[in-house]
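Undergrad: Sequence:
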Amino acid sequence: MGGIGRNLADKARAFGMQIRYHNRRKLDPEHEEGAEYVDFETLLKESDVLSLNLPLNPSTRHTISKDQFAIMKPGIVVVNTARGAVMDEAALVEALDSGRVASAGLDVFEDEPKVHEGLLKNNRVLLVPHLGTYTIETTIKMEAFAINNVKKAALEGALITIVPEQRDLEARLLEGRDA
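In this note's numbering, the protein residues as written are 1 to 179.
If you're looking for bench data, these hints aren't it; they were derived computationally from the structure. Incorrect hints may have been included.
What the hints assert, rightly or not - Straight-line C-alpha distance at most 30 Å; calculated DSBU-like pairs for lysine-lysine:
#1 73 x 151
#2 141 x 66
#3 141 x 151
#4 11 x 141
#5 151 x 121
#6 73 x 11
#7 73 x 114
#8 26 x 73
#9 121 x 141
#10 114 x 151
#11 141 x 152
#12 66 x 151
#13 11 x 45
#14 66 x 45
#15 11 x 26
#16 121 x 45
Could you build the full structure based on these sequences and the hints that come with them?
TA: Listed below in structure tokens is the structure:
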């Protein structure tokens, strides 16, 4: 569970929700804070609410599609604030129409800026723009963080944070400094 997932888990706990998660790797026990790691199939079969908080890359495209919707607990609520293409929108529309999915909340779309017509017409779908962090304060903090990260990379050959899919970047930066 990454930073966004952990932040969401804190909010869900405030509502008394049981937190279960699936991730590339299990968190260390001291970071789970009562959350339970389960396999992906169990997560789909037993969840009342499924929040997608994963990066988009070739291996995560359509992580949620027809087969996954078919095994979900009937009446599930699906939220995607990750990247649109991690979920097959046509399959979501079918799952909504069949009643398998009770409702969905999306601020990302598979083919942005286009939104699937079936989502636009469904009154059990909440569609909002991808602006969850858009405040002046957050924008200033994000800009400062990005500048500091670039400075650290340029001056020290290291980054403050690194995207898991780019872990080799730090090594390449260091190699470039040694040349």
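Undergrad: With the threshold set at 30 Å, check whether the alpha-carbon distance from residue 141 to residue 152 stays at or below it.
TA: holds (16 Å)
Undergrad: Is residue 66 close enough to residue 151, meaning Cα to Cα at most 30 Å?
TA: violated (45 Å)
Undergrad: Does the alpha-carbon distance linking residue 121 and residue 45 stay inside the 30 Å limit?
TA: holds (27 Å)
Undergrad: Decide if the proposed pair is consistent with the structure: residue 141 and residue 66, CA atoms, cutoff 30 Å inclusive.
TA: violated (39 Å)
Undergrad: Holds or violated: are the alpha carbons of residue 121 and residue 141 at most 30 Å from each other?
TA: violated (37 Å)
Undergrad: Take a quick look at whether residue 26 and residue 73 sit within 30 Å of each other, Cα to Cα.
TA: holds (23 Å)
Undergrad: Are the Cα atoms of residue 66 and residue 45 separated by 30 Å or less?
TA: holds (14 Å)
Undergrad: Given the hinted pair residue 11 and residue 26, is their alpha-carbon gap at most 30 Å?
TA: Holds, because 20 Å separates the two Cα atoms, which is no more than 30 Å.
Undergrad: Is the Cα-Cα distance between residue 151 and residue 121 30 Å or less?
TA: Violated, at roughly 47 Å.
Undergrad: Could you grab the alpha-carbon distance between residue 73 and residue 114 and see if it respects the 30 Å cut-off?
TA: Answer holds: residue 73 to residue 114 is near 29 Å, not above 30 Å.
Undergrad: Taken at face value, is the distance from the CA of residue 45 to the CA of residue 11 at most 30 Å?
TA: Judged against 30 Å, a Cα distance of about 23 Å means the pair holds.
Undergrad: Below or equal to 30 Å on CA atoms is what counts here, so check residue 73 against residue 151.
TA: Violated. Residue 73 to residue 151 sits at ~47 Å, over the 30 Å cutoff.
Hint check: violations occur at hints 1, 2, 5, 9, 10, 12; the rest are consistent with the structure.
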